[in-house]
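**Student:** Spelled out from the first residue to the last, the chains are:
Protein chains: 4
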Amino acid sequence: MMQNDLSVFNEYESEVRSYVRGFPTVFHQAKGYKLWDLDGKEYVDFFSGAGALNYGHNDENMKQKLLTYIQEDGVTHSLDMATKAKGEFIDAFQNIILKPRNMDYKIMFPGPTGANSVESALKLARKVTGRTNVVSFTNGFHGMTIGALSVTGNKFKRNGAGMPLSNTSTLPYDQFLKESNNSIEYIENFLDNGGSGLDKPAAFIVETVQGEGGLNAASSEWLRSIEKICRERDIKLILDDVQAGVGRTGTFFSFEPAGIKPDFVCLSKSIGGNGSPLAITLVAPEYDKFAPGEHNGTFRGNNFAFVTGTEALNYWKDDRLEKNVQEKSERITSFLDDMIKKHPEMKGVRKGRGFMQGIMSPIEDLADNIAGRCFEHGLIMETAGAEDEVFKLFPPITIDDEGLERGLSILQQAIEEVTAESNLVAK
Amino acid sequence: MMQNDLSVFNEYESEVRSYVRGFPTVFHQAKGYKLWDLDGKEYVDFFSGAGALNYGHNDENMKQKLLTYIQEDGVTHSLDMATKAKGEFIDAFQNIILKPRNMDYKIMFPGPTGANSVESALKLARKVTGRTNVVSFTNGFHGMTIGALSVTGNKFKRNGAGMPLSNTSTLPYDQFLKESNNSIEYIENFLDNGGSGLDKPAAFIVETVQGEGGLNAASSEWLRSIEKICRERDIKLILDDVQAGVGRTGTFFSFEPAGIKPDFVCLSKSIGGNGSPLAITLVAPEYDKFAPGEHNGTFRGNNFAFVTGTEALNYWKDDRLEKNVQEKSERITSFLDDMIKKHPEMKGVRKGRGFMQGIMSPIEDLADNIAGRCFEHGLIMETAGAEDEVFKLFPPITIDDEGLERGLSILQQAIEEVTAESNLVAK
Amino acid sequence: MMQNDLSVFNEYESEVRSYVRGFPTVFHQAKGYKLWDLDGKEYVDFFSGAGALNYGHNDENMKQKLLTYIQEDGVTHSLDMATKAKGEFIDAFQNIILKPRNMDYKIMFPGPTGANSVESALKLARKVTGRTNVVSFTNGFHGMTIGALSVTGNKFKRNGAGMPLSNTSTLPYDQFLKESNNSIEYIENFLDNGGSGLDKPAAFIVETVQGEGGLNAASSEWLRSIEKICRERDIKLILDDVQAGVGRTGTFFSFEPAGIKPDFVCLSKSIGGNGSPLAITLVAPEYDKFAPGEHNGTFRGNNFAFVTGTEALNYWKDDRLEKNVQEKSERITSFLDDMIKKHPEMKGVRKGRGFMQGIMSPIEDLADNIAGRCFEHGLIMETAGAEDEVFKLFPPITIDDEGLERGLSILQQAIEEVTAESNLVAK
Amino acid sequence: MMQNDLSVFNEYESEVRSYVRGFPTVFHQAKGYKLWDLDGKEYVDFFSGAGALNYGHNDENMKQKLLTYIQEDGVTHSLDMATKAKGEFIDAFQNIILKPRNMDYKIMFPGPTGANSVESALKLARKVTGRTNVVSFTNGFHGMTIGALSVTGNKFKRNGAGMPLSNTSTLPYDQFLKESNNSIEYIENFLDNGGSGLDKPAAFIVETVQGEGGLNAASSEWLRSIEKICRERDIKLILDDVQAGVGRTGTFFSFEPAGIKPDFVCLSKSIGGNGSPLAITLVAPEYDKFAPGEHNGTFRGNNFAFVTGTEALNYWKDDRLEKNVQEKSERITSFLDDMIKKHPEMKGVRKGRGFMQGIMSPIEDLADNIAGRCFEHGLIMETAGAEDEVFKLFPPITIDDEGLERGLSILQQAIEEVTAESNLVAK
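Chains as they are written, first to last, in my numbering: chain A, 3 to 429; chain B, 3 to 429; chain C, 3 to 429; chain D, 3 to 429.
Note that these hints are calculated values from the structure, not bench results. Among these hints, one or two may not hold up.
No distinction is drawn between identical chains; accordingly, a pair holds when it is met within one copy or between any pair of copies.
No more than 30 Å apart at the CA atoms, straight line, and that leaves these computed lysine-lysine pairs for DSSO-like [claimed, not checked]:
#1 LYS108 x LYS157
#2 LYS43 x LYS65
#3 LYS180 x LYS157
#4 LYS33 x LYS349
#5 LYS33 x LYS65
#6 LYS319 x LYS343
#7 LYS67 x LYS180
#8 LYS263 x LYS330
#9 LYS36 x LYS67
#10 LYS291 x LYS157
Please model the complete structure; the sequences and the hints are all you need to start from.
**Tutor:** Take a look at the structure:
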């Protein structure tokens, strides 16, 4: 396949295919924040594989480690047997990530996807409590398998199940309720009122920033209140850090600024370093209660991802990457504020934090149109929210100033063009 | 990590870890049917990553293709955007696999695991029929996420869900009923009797050989009857070929000898060629009814697996591999029959077909003890069945005579030792 | 309303009305085995309110007791407060029924219907075991509320729920499996096989004779095997004696001949004596674990039914009624055998036992046509089975020879007419 | 049983018994608003069988009609066959209740309890919409069978199910949310936000005044908003008028002042006139879609209740009863306001409307203690709310001034005594 031709996809791939519709070209090569299609056209990547490519494409150090590993016939696939590559990953994760943060968790390899991690945490929280209900939050997004989909708020996605999704209750996320600044009182009321119909949950599952749900960022105070609510009622706290974790918000775990200690932490996406499938579930030792093999899966031992994932952890040995993200986050924030001010016709609201920010607009199709215009001009960027009402800046966290400015510049141009041309109609 | 030391796993990994307990060593390198641990000890692999390594470890052609791809900074991770590597995989699958078999299916990339494929098929079958119940079979095994676990028969695994698993009904697999040769009459009776309590199912989900469930092989006649039952009642047929597919039974799809046409086919494990996470769901075009993005997932676009998976398909351009499997299957069969005859104290029954055969024994711990002894003597082999009552020969389908005989010889020694030493007690 | 006119029903009552369609007349008075409509036409009642009128209509002793009670302004409605009428009922039930049979049960008043009794037993069995699954049997019928409907086999009724019915599994009733004489081996296999997908049940719920399900009568041996299966596995046994109990099969409890001791017994229908709404749940003392008020209901204290129900228990102070039923059952049996022999074109099979016998015929509409013809000739009789394939003789158990013969004679005439006229076609 | 002795209840009745614990005496006779126990002690009844005795005990007209009916051997039990008594009930209900209110409903007889009516409406709403989710409200109470319990908010009761209750979502009732005057905005937000996780419901089920849930009275405006929400989204509206209906709030249907037109109305409790088990479901003709027999039940045809229920409808031929209730409601309101003012230590809040009013107090056990003291002084009154935090005045709606004042006077005395003696501690 040497031609930039989508016909093989159009003809043979299922209708469910999605991103290829928004980015209709055949990509071939990628490095850092850049992608090239088969025509050689270069794209700036403000999408980062929906958070799976936080370190950019084909990081050179990871690449070299992986090439050596493959060259030497290192074990590729190992289920949950012990391998040198896996041992080194565990060791690095323990010593670079957990210990310096005074975190004490058992590491579970639940299968290679974020949904696997979510499913394992849900199962374990139910098992250790003997309760079946799990509280999730409005606009939460946790995956497409039935267990994970049951705690996902998006109705279009839920509808794909073809059957009722049960054993879950949705409560309002931070700022979902319009009349108050937070939803804590409402949540406590539902939990404690003996007539609320909310069966005592095994766990809460929560994201610190809802990446798919529209870049809703919970405040640290809200997160601490949620933790307190759980602690006081013996409810387990599952922190789904699949999209917001691994540095995207400026710290390795997105919940570090809030200072909370979840009982379960779900990690995936960028944990493998280069976008290779890998997920882990961190489990507080007292809840590490699955019997051997009670949860399993074929691809728990993806050694390529162990190799690149281990190399990636080196980014966290000092605070340079953290600082880079935090500094550039401010640049993104000020850029977005500026756009909102310059284009009041967008009726834009800035959303999110760190390297997961964007603008929500009530204008019909605006976010989609801007993302589409960006693509034409060589910038990959996606939308988020139940109605795709947010455009979402997700650059690699390793991006340099040049890359960031190049992307922002294209985005600015797209905003200007779309707002100028469109007959803007609020939804 | 240069020492063969399990302490990092024992200390930091979750108790749910399983295979590392049966094979307590740190593996490092692997090639074809061989594995080496950090002490340099060589093992023959009759396990094949539970079916994910049908082509053996680090096949040289795949390895070279992959090295080149990585060297050239080919796209690693792409969600469901179009990439050259993905396009070539689709093209090869279409032209090498589907077209020559006169099969007309849309290819869905549901996420990288077999469970993802199963979940996508279950969701779609329910969606297109508007029915919620799905019939699965005794000892069926389809995965650990809630949707897939709901159709899995193993009670120990089901118990891990921590909640009731619903919208499924289990019916007896071929030869599960003792008094009759097949279960077809029973199934028809339950479906058609207006008082059986079996709500009309959206689909049947079935394996041709139950790999995890104890190497139960359905007859072609039974499979055709199941297809007929479905057709006559407008019930969709989901064929889970995750473990038995990709050549393990001697044909690419395990259901080819039966001549049936499932509505959905689940493939994973060896579809990526070298054990890299990849899964596809084949969907009859008339049921390709997910809206764009209605089912999604981060790791649908694992390009390393596309590269190696495409290369692997070359094995199917002629019939050499098929013939190799079919011939060596006969050797395995006669070896197992021989063992059963020589060691009547095992009360062994040969199970399975092709390169997924083994011996079921009612003797307490016998299968486990034999597998343990094999490991000591340098052969990796696992057990199967709800009570681990079967030891299971799963050599790579590319194995040569020397490898096969070496493995069988170790197995023979293990059987002889265990049966000689043990105080055999039937369960 | 003095005219025999159905227009008020046709115009204002819901389409769900059913018996009025088969017996299209307006009834007014009734005594013993006789009913009269507004035209004064007399009918013999071989229907007995589907088992709620085992003692016939308006038994004179009950009537007098009730008239006095009402005349004296006895408490009519009392929830679960103590009343004289309730105390006397409990006392009589204890002394006339339980003690002489060496039965030790707590009496629960779960609401006035059989479904209330079933729901209370299901809830309690789940609560005391901490398990959610309940095993029911093919063609079992337990009621229309969601809990009771979940354990009912009839698909037409289940479909009325408008949602999936969960937490139940159906296993084959005695003689449902065609190839064997009983289903015990199959049931044990499903329970004990670790891969059967049958989650360990809280309870089995079973009828001794399936009145709605087609007059399937379980053998005493089968019932004892079911009890043994439950005992050996710590599964609770719920005996639904709503239709077969209170003397219909010749003993007060239908399970007396089998000699089993259920953990929960559901009674309703004729327990109130004259067809007034009343139900009780007998609970083995060790499982009497509902907290006060954890299950409740407005009509638990129907004192009219306590009064008539207490009077009805006097029938059980000696064995005259039992003997009457047992003797007349033989007459019914021989009559039905004779009909089957004389009319082989019915392809009839005799079903049931005691005063719940009938003939199953595979001939399209035969049972319905015979019941319809009986109605024309002055006999009320209904059909049963998922396809209404059985006509069902349900005379009052207090019927005398004259009444029985009169009914049988009408039935014989109907059979002769229908078999003579019809173009009989097997389904 | 001639002695006022509870031993038969204590010894033989299940522990689940409840009211007998609060009112520990054996009642025997009753008339109007009076009850007598076996010692001849007289009690004023401010309980009215939890709403089943709205017309008081043994109303003389109903009694005479019933005596005549029984004397003449009228049909007692008739399933859903046509009887004279049933026809007259339908006719009266149509002509006295529905027609004058311009209401067009089919009448369904779903079984004799409120829960039967609720279950039938839930099933039918799901069936006609093809959706499974039903929205209920905080502190709603609809019954103890699994379908009805699933829409009941009380956690203690829900826990009795022993299994997860699914296919329902709870939303905040009027004034449940503290920060705003009504919950309408919140509800609309949950329904319309594509990410709220609230699957589109088949129906809302709502009470106008939550009798068991703590006498929460929805405003007419709130009810109209709920109706509007349903209409605009094609959601069915089920009005559970089991407790608040049949005159308890001053109009026959409690929703008359709000002017709404529910799709389904559930009636029971006092619909039978004298506390005999009877329930009806009113179904908008376009949703009368059960097939004949798709929902059934043994005690749908309780003719005694038809006779007394028909007689009771005569109370609604003119507006005297309505006026009586409305006038005396004002007396109750002013009495309660006065008590709250005189006894600020109760921290009382008046709740409810019409003849279902009471006082909520946060003081630990206050409501229970007052009800207990009332009983000692000869007044029957119960508590309500998830924590029994409300005492609840439920006199017969036919009560005269003397009876009302006598009851209020006892209540006043009890309040004075309890507040004087108690060491009042807020919960």
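**Student:** The structure should be examined with respect to each hint, and the outcome stated for every one.
**Tutor:** Against the structure, the hints come out as follows:
1. LYS108 x LYS157: Answer is between; shortest inter-copy Cα gap is 25 Å, intra-copy 34 Å.
2. LYS43 x LYS65: For LYS43 and LYS65, the Cα distance is within 30 Å both inside one copy (23 Å) and across copies (29 Å).
3. LYS180 x LYS157: both (21 Å within a copy, 28 Å between copies)
4. LYS33 x LYS349: neither (35 Å within a copy, 60 Å between copies)
5. LYS33 x LYS65: Classified as both; 11 Å inside a copy, 21 Å across copies.
6. LYS319 x LYS343: neither (39 Å within a copy, 61 Å between copies)
7. LYS67 x LYS180: The answer is neither: 50 Å in one copy and 55 Å across copies each exceed 30 Å.
8. LYS263 x LYS330: This pair counts as within: shortest intra-copy Cα distance 27 Å, inter-copy 55 Å.
9. LYS36 x LYS67: Close inside one copy (21 Å) and across copies (23 Å); limit 30 Å.
10. LYS291 x LYS157: between (33 Å within a copy, 17 Å between copies)
Hints 4, 6 and 7 from the list above are not met by this structure, while the remaining hints are.
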